[in-house]
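Asks: Sequence order for the protein chains is P and G. Here UniProt numbering is used: the first residue of the first sequence is 1, the next is one more, and so on. Here UniProt numbering is used: the first residue of the second sequence is 1, the next is one more, and so on.
Hints are computed from structural coordinates only; laboratory data are not their basis. Warning: the hint list may mix true and false statements.
It does not matter which identical chain is used: a pair holds within one copy or between any two.
[Stated by the list, open to error] 20 Å max Cα-Cα, derived DMTMM-like pairs, lysine to aspartate or glutamate:
1) K428 - D307
2) K214 - E94
3) K340 - E453
4) K340 - D263
5) K428 - D317
6) K2 - E367
7) K428 - D415
Just so you know, these numbers come straight off a predicted model, no measurement behind them.
Number of protein chains: 2
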Amino acid sequence: MKTVIVGAVAGGMSAATRLRRLDPTAQIVVFERGEHVSYANCGLPYHVGGVIADRGSLLLHTPDSLRARFDLDVRVRAEVVAVDRARQVVLVREVAGGAEYEERYDRLVLSPGAAPFVPDLPGIERAMTLRSVTDADRFTALLAERQPRTAVVVGGGFIGLETAENLHLRGLAVSLVELDRQVLAPLDPEMVAAVHTELRRHGVALHLGTALTKVLPDAVELADGRLLAADLVVLAIGVRPEVGLARAAGLTIGPRGGIAVDDTMRTSDRHIYAVGDAVEKTDRLSGETALIPLANTANRQGRLVADAIAGRPVHLDGRLGTAIVQIFDLTVAVTGWNEKRLRAAGRTYQAIHTHPASHAGYYPGAEPMSLKLLFDPGNGRILGAQAVGGAGVDKRIDVLATAMRAGLTADELADLELAYAPAFSSAKDPVNMLGYIVDNLLTDAQRTVQWHELDAAVTAGATLIDVRTAAEHAAGHIPGSLNLPLDELRARMDELPAGDLIVYCQVGQRGHTATALLNGLNRRAANLDGGYRTWHAATTDG
Amino acid sequence: MKTVIVGAVAGGMSAATRLRRLDPTAQIVVFERGEHVSYANCGLPYHVGGVIADRGSLLLHTPDSLRARFDLDVRVRAEVVAVDRARQVVLVREVAGGAEYEERYDRLVLSPGAAPFVPDLPGIERAMTLRSVTDADRFTALLAERQPRTAVVVGGGFIGLETAENLHLRGLAVSLVELDRQVLAPLDPEMVAAVHTELRRHGVALHLGTALTKVLPDAVELADGRLLAADLVVLAIGVRPEVGLARAAGLTIGPRGGIAVDDTMRTSDRHIYAVGDAVEKTDRLSGETALIPLANTANRQGRLVADAIAGRPVHLDGRLGTAIVQIFDLTVAVTGWNEKRLRAAGRTYQAIHTHPASHAGYYPGAEPMSLKLLFDPGNGRILGAQAVGGAGVDKRIDVLATAMRAGLTADELADLELAYAPAFSSAKDPVNMLGYIVDNLLTDAQRTVQWHELDAAVTAGATLIDVRTAAEHAAGHIPGSLNLPLDELRARMDELPAGDLIVYCQVGQRGHTATALLNGLNRRAANLDGGYRTWHAATTDG
Ligand SMILES: Cc1cc2nc3c(=O)[nH]c(=O)nc-3n(C[C@H](O)[C@H](O)[C@H](O)COP(=O)(O)OP(=O)(O)OC[C@H]3O[C@@H](n4cnc5c(N)ncnc54)[C@H](O)[C@@H]3O)c2cc1C
Ligand SMILES: Cc1cc2nc3c(=O)[nH]c(=O)nc-3n(C[C@H](O)[C@H](O)[C@H](O)COP(=O)(O)OP(=O)(O)OC[C@H]3O[C@@H](n4cnc5c(N)ncnc54)[C@H](O)[C@@H]3O)c2cc1C
Ligand SMILES: CC(C)(COP(=O)(O)OP(=O)(O)OC[C@H]1O[C@@H](n2cnc3c(N)ncnc32)[C@H](O)[C@@H]1OP(=O)(O)O)[C@@H](O)C(=O)NCCC(=O)NCCS
Ligand SMILES: CC(C)(COP(=O)(O)OP(=O)(O)OC[C@H]1O[C@@H](n2cnc3c(N)ncnc32)[C@H](O)[C@@H]1OP(=O)(O)O)[C@@H](O)C(=O)NCCC(=O)NCCS
Numbered sequence: 001m002k003t004v005i006v007g008a009v010a011g012g013m014s015a016a017t018r019l020r021r022l023d024p025t026a027q028i029v030v031f032e033r034g035e036h037v038s039y040a041n042c043g044l045p046y047h048v049g050g051v052i053a054d055r056g057s058l059l060l061h062t063p064d065s066l067r068a069r070f071d072l073d074v075r076v077r078a079e080v081v082a083v084d085r086a087r088q089v090v091l092v093r094e095v096a097g098g099a100e101y102e103e104r105y106d107r108l109v110l111s112p113g114a115a116p117f118v119p120d121l122p123g124i125e126r127a128m129t130l131r132s133v134t135d136a137d138r139f140t141a142l143l144a145e146r147q148p149r150t151a152v153v154v155g156g157g158f159i160g161l162e163t164a165e166n167l168h169l170r171g172l173a174v175s176l177v178e179l180d181r182q183v184l185a186p187l188d189p190e191m192v193a194a195v196h197t198e199l200r201r202h203g204v205a206l207h208l209g210t211a212l213t214k215v216l217p218d219a220v221e222l223a224d225g226r227l228l229a230a231d232l233v234v235l236a237i238g239v240r241p242e243v244g245l246a247r248a249a250g251l252t253i254g255p256r257g258g259i260a261v262d263d264t265m266r267t268s269d270r271h272i273y274a275v276g277d278a279v280e281k282t283d284r285l286s287g288e289t290a291l292i293p294l295a296n297t298a299n300r301q302g303r304l305v306a307d308a309i310a311g312r313p314v315h316l317d318g319r320l321g322t323a324i325v326q327i328f329d330l331t332v333a334v335t336g337w338n339e340k341r342l343r344a345a346g347r348t349y350q351a352i353h354t355h356p357a358s359h360a361g362y363y364p365g366a367e368p369m370s371l372k373l374l375f376d377p378g379n380g381r382i383l384g385a386q387a388v389g390g391a392g393v394d395k396r397i398d399v400l401a402t403a404m405r406a407g408l409t410a411d412e413l414a415d416l417e418l419a420y421a422p423a424f425s426s427a428k429d430p431v432n433m434l435g436y437i438v439d440n441l442l443t444d445a446q447r448t449v450q451w452h453e454l455d456a457a458v459t460a461g462a463t464l465i466d467v468r469t470a471a472e473h474a475a476g477h478i479p480g481s482l483n484l485p486l487d488e489l490r491a492r493m494d495e496l497p498a499g500d501l502i503v504y505c506q507v508g509q510r511g512h513t514a515t516a517l518l519n520g521l522n523r524r525a526a527n528l529d530g531g532y533r534t535w536h537a538a539t540t541d542g
Numbered sequence: 001m002k003t004v005i006v007g008a009v010a011g012g013m014s015a016a017t018r019l020r021r022l023d024p025t026a027q028i029v030v031f032e033r034g035e036h037v038s039y040a041n042c043g044l045p046y047h048v049g050g051v052i053a054d055r056g057s058l059l060l061h062t063p064d065s066l067r068a069r070f071d072l073d074v075r076v077r078a079e080v081v082a083v084d085r086a087r088q089v090v091l092v093r094e095v096a097g098g099a100e101y102e103e104r105y106d107r108l109v110l111s112p113g114a115a116p117f118v119p120d121l122p123g124i125e126r127a128m129t130l131r132s133v134t135d136a137d138r139f140t141a142l143l144a145e146r147q148p149r150t151a152v153v154v155g156g157g158f159i160g161l162e163t164a165e166n167l168h169l170r171g172l173a174v175s176l177v178e179l180d181r182q183v184l185a186p187l188d189p190e191m192v193a194a195v196h197t198e199l200r201r202h203g204v205a206l207h208l209g210t211a212l213t214k215v216l217p218d219a220v221e222l223a224d225g226r227l228l229a230a231d232l233v234v235l236a237i238g239v240r241p242e243v244g245l246a247r248a249a250g251l252t253i254g255p256r257g258g259i260a261v262d263d264t265m266r267t268s269d270r271h272i273y274a275v276g277d278a279v280e281k282t283d284r285l286s287g288e289t290a291l292i293p294l295a296n297t298a299n300r301q302g303r304l305v306a307d308a309i310a311g312r313p314v315h316l317d318g319r320l321g322t323a324i325v326q327i328f329d330l331t332v333a334v335t336g337w338n339e340k341r342l343r344a345a346g347r348t349y350q351a352i353h354t355h356p357a358s359h360a361g362y363y364p365g366a367e368p369m370s371l372k373l374l375f376d377p378g379n380g381r382i383l384g385a386q387a388v389g390g391a392g393v394d395k396r397i398d399v400l401a402t403a404m405r406a407g408l409t410a411d412e413l414a415d416l417e418l419a420y421a422p423a424f425s426s427a428k429d430p431v432n433m434l435g436y437i438v439d440n441l442l443t444d445a446q447r448t449v450q451w452h453e454l455d456a457a458v459t460a461g462a463t464l465i466d467v468r469t470a471a472e473h474a475a476g477h478i479p480g481s482l483n484l485p486l487d488e489l490r491a492r493m494d495e496l497p498a499g500d501l502i503v504y505c506q507v508g509q510r511g512h513t514a515t516a517l518l519n520g521l522n523r524r525a526a527n528l529d530g531g532y533r534t535w536h537a538a539t540t541d542g
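For reference, chain P alone in the conformation it holds in the complex:
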């Protein structure tokens, strides 16, 4: 049995090594049109920034080491340019010289990845993209030779932000251009505000809600007419599955533009499999197809396709798309769907915002974070989560991603036994706390109002009560709110105006106790979810 693999990085090489372990005598040939194999794409921005100084550490293998260890026939600078499905051969072109030859396969695995999208704009040739080690080398050379002082990064996604940060670390003045009104589309607006602040705090100039229109020799032009100095222009406006080869071969391409595969990674040709960024995955929540260009899934699929080829029973479940990014001193992580997407899809959901500390406040070094949980109030299903903060953000999202994968309901989060000592968490971990809040919502022990529902509620006649201390109120409050500190509420009930009340505190916690008290004493009160902090982030970002 002979397997041919196209693409020698995350998906392709994981498939090759696994297949070798499953079958020590199988014939395995891997084609890679680039110069390098098995490299850490995800480390590239940090190599550009000098954080990962040793370029060699990004190269996990060479064709030689892969031959020695795994008896793999890995051919670099060899592009597969066509697939003849009827004859089960691929046509290979050597990048140096252009010589072509055919290679027969019993099974073919495509893992060609995804290519940075490059719009057709005047002067765009000068713009750089970052995908391969060769690309990174280009950055390094340019930084050394031309000593650029200004950079414009176009695109506020994960790679765009990582690149912006790393160019900043190299001493460049960095501007970031993003068509949307916010960076990091996976975050909802009130959660992204902290990211905008963090970027600006480090001197990254944000140009949101506008597009690149032209690349000039030492600047770029934006749709809003502005000119930005740009010794360096980086394009990071998303990636597109590399489907040229597959399409030309007549394989089915899915609705999102990726190669269509079943849950064993098989394409529409039963001898051909495909994995990684090039393929469409199944979204865990909707069951529809989705593009999820992430390394975890590419690696998982690579191993799985080897099992499939070796005849082992396999099956890939729907994906959540858990992702994380470091932005200066902030960590941002997400899993599942965000509110924008739920709303657009017309799904029933409820949101919760909290602002817990990474660990017990009395133990040194606790860092603040903001959490958002989305769940279905009908059945308690967890739909998504977002976290922004410092230490412990990754942990909470991983726990939530695990809970989602396992089908725990949102209220069951209260029962998780998460490791607690003061340096690591609180006796009620932030994830437990989410479970408590959900429990209150599901059992009608609490009603909440979201920051974006506030205006309408006030217009409809509700009074806003700030239950924080007078000092907190003085330091900033929601316009029109009455200050009545929680600890005085019981004694001063008669000062409250008639009608509906909306209570708020700093993060929602005192507001919860106040709301419970008021409702118990026959007032109609709701708690502002996430408190002043969420409201403030949502309404003052810009």
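Following the hints, put chain G with the ligands in place on chain P, whose structure we already have.
Replies: Relative to the frame of chain P, chain G with the ligands by itself:
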């Protein structure tokens, strides 16, 4: 409805505040025989050590603040000394003065906690224990007034180790005495070795496998005859549920010596509930009762009992007992059962050891950790996990505890989508990797040998093959092993002796590839689980 609560800290006070939110007009009286309420027991060792300098930060509430915020009637220095179940009254004794009075209840909640065990030994009066703020104050005073230079901590559990570390931070020369051959009973021996090393590295003198027999005025005497200088003696040899009150009242005490409760926290008297360290929990794995004196569970039960009293449907599931402790630069965390316990209970299990990095090795700051997973090879059920290392230990145990709670099987860990960027994890997170290894074991794609099975296997005729490099082999290897580096294995197959082979590398990963190759080429090979590192830890600790 009037609820009386005994004990005003984790369980008791969580019950009181929750009950107040559920019923703003209920009458709630809380008795606390100590001076303080709602304090962070878990921070006490760090206050003793000066890490948490501000004593006030440990006191989350006072009776006054609890009255203002929650309208609670909290009486300190008031001990409940008897319960008259027939009349539904408790007898209260004021610590100052000894005056006694009765207080009627509709519902009674006991959350008296657990007391440090104090053995009856000569001179034991001088030994100190650490449970309350008052105890911590005693430490602080003694440290200031007597300027002790030597301390003996008896007991190598969580609190003992935290206390030892913190006294070390105060500049004392600390000895630790532990009856068992190891500290931290929840860890298996090969996992605890690193903890012993860490303690010794910081100058803590370990006296394992021996007991305290006598406390002298400035020293202690051990069972092995040794005398240890001890200006300060600390007892931390475990806690016993405070069941005096419950027992005298005729409530059922369970087989482990805790108050027996059902899954709504109800005792054998339907008007009396009990929570926290004083009660027996249900072990999630065996369904039997267990003592789990941890704050997460005490807090959870406190909230839950309030719900039960308020008539809300509640039910507490079996517990895993997830726990964590910081020991100098090491973090140790556990969940579920360990191997010792599984073996003693005669359960079927299989163990896996790995030694992953906290995040991608090429990104700065990655720290090593050791993971151990225990699972049932029959049904894939996860039975327990242990982690020792630095950054990311808490995260992996929390993910595993979540997976266990949710009933994921061990091989399903491979499918978790855990947040990956180089600063946080690897494309295959250490938890995913455990899933892969389990998958190999469950599907017979891999056979492993444990460190403690090695001698028997070699005696039975197996040859040990070290597949690491010659340099690694030279730096230390298992006696009697043949060095044949993985990358040369294929070419030098004919050098291998006949018969069974046991392969090992540094951590098990190259060994896995070597084993797969050998088995595929019709040799009978097994991989040493955890590699040289686990073997070395297990065999050289002492
Ligand atoms: C800068 C950067 C940062 C990233 N950071 C993260 C991160 O932090 N976390 C995360 O989860 N993911 C991250 N990713 C995404 C992650 O790297 C990808 O999801 C993963 O590499 C996809 O694996 P793949 O095998 O599908 O494609 P790739 O790893 O891209 O490999 C595809 C290979 O196929 C080769 N190829 C394509 N067509 C042909 C052909 N016709 N013939 C021969 N060879 C061909 C290409 O040259 C390429 O080397 C990042 C990606 C980049 C570029
Ligand atoms: C030093 C130390 C460190 C710890 N570290 C951790 C950790 O890192 N992680 C973790 O999970 N857990 C830790 N714990 C355990 C955790 O604190 C307990 O699990 C938790 O406090 C138990 O709550 P409880 O309500 O059952 O008992 P407690 O919190 O102990 O409260 C019981 C209270 O009841 C009072 N009381 C008892 N009897 C009477 C009576 N008859 N009348 C009136 N009052 C009475 C006592 O004075 C006491 O204040 C630690 C404990 C200690 C002592
Ligand atoms: C590295 C690469 C070549 C794959 O090599 P690999 O040997 O299959 O993978 P890993 O090094 O991750 O090891 C995984 C294997 O070791 C096994 N393993 C890991 N730790 C082990 C241990 N302690 N004991 C036993 N087995 C272990 C796993 O079970 C798995 O084997 P399996 O697939 O047969 O189950 C490929 O993933 C790659 O090219 N990666 C770099 C590119 C990339 O991922 N980029 C995107 C992210 S930056
Ligand atoms: C602090 C203590 C008095 C309990 O007070 P509490 O107000 O019930 O508890 P917390 O401050 O933890 O807050 C939890 C409540 O706030 C709610 N909450 C938390 N964050 C919220 C938010 N952002 N929005 C809305 N509600 C929120 C929770 O839902 C929960 O309310 P519920 O029980 O009605 O569901 C009690 O736990 C205690 O004495 N602790 C100290 C002792 C201790 O735990 N020691 C051992 C560990 S060191």
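Asks: Return the numbers of the hints above that this structure violates; sort them in rising order.
Replies: Hints 2, 4 and 6 not satisfied by this model.
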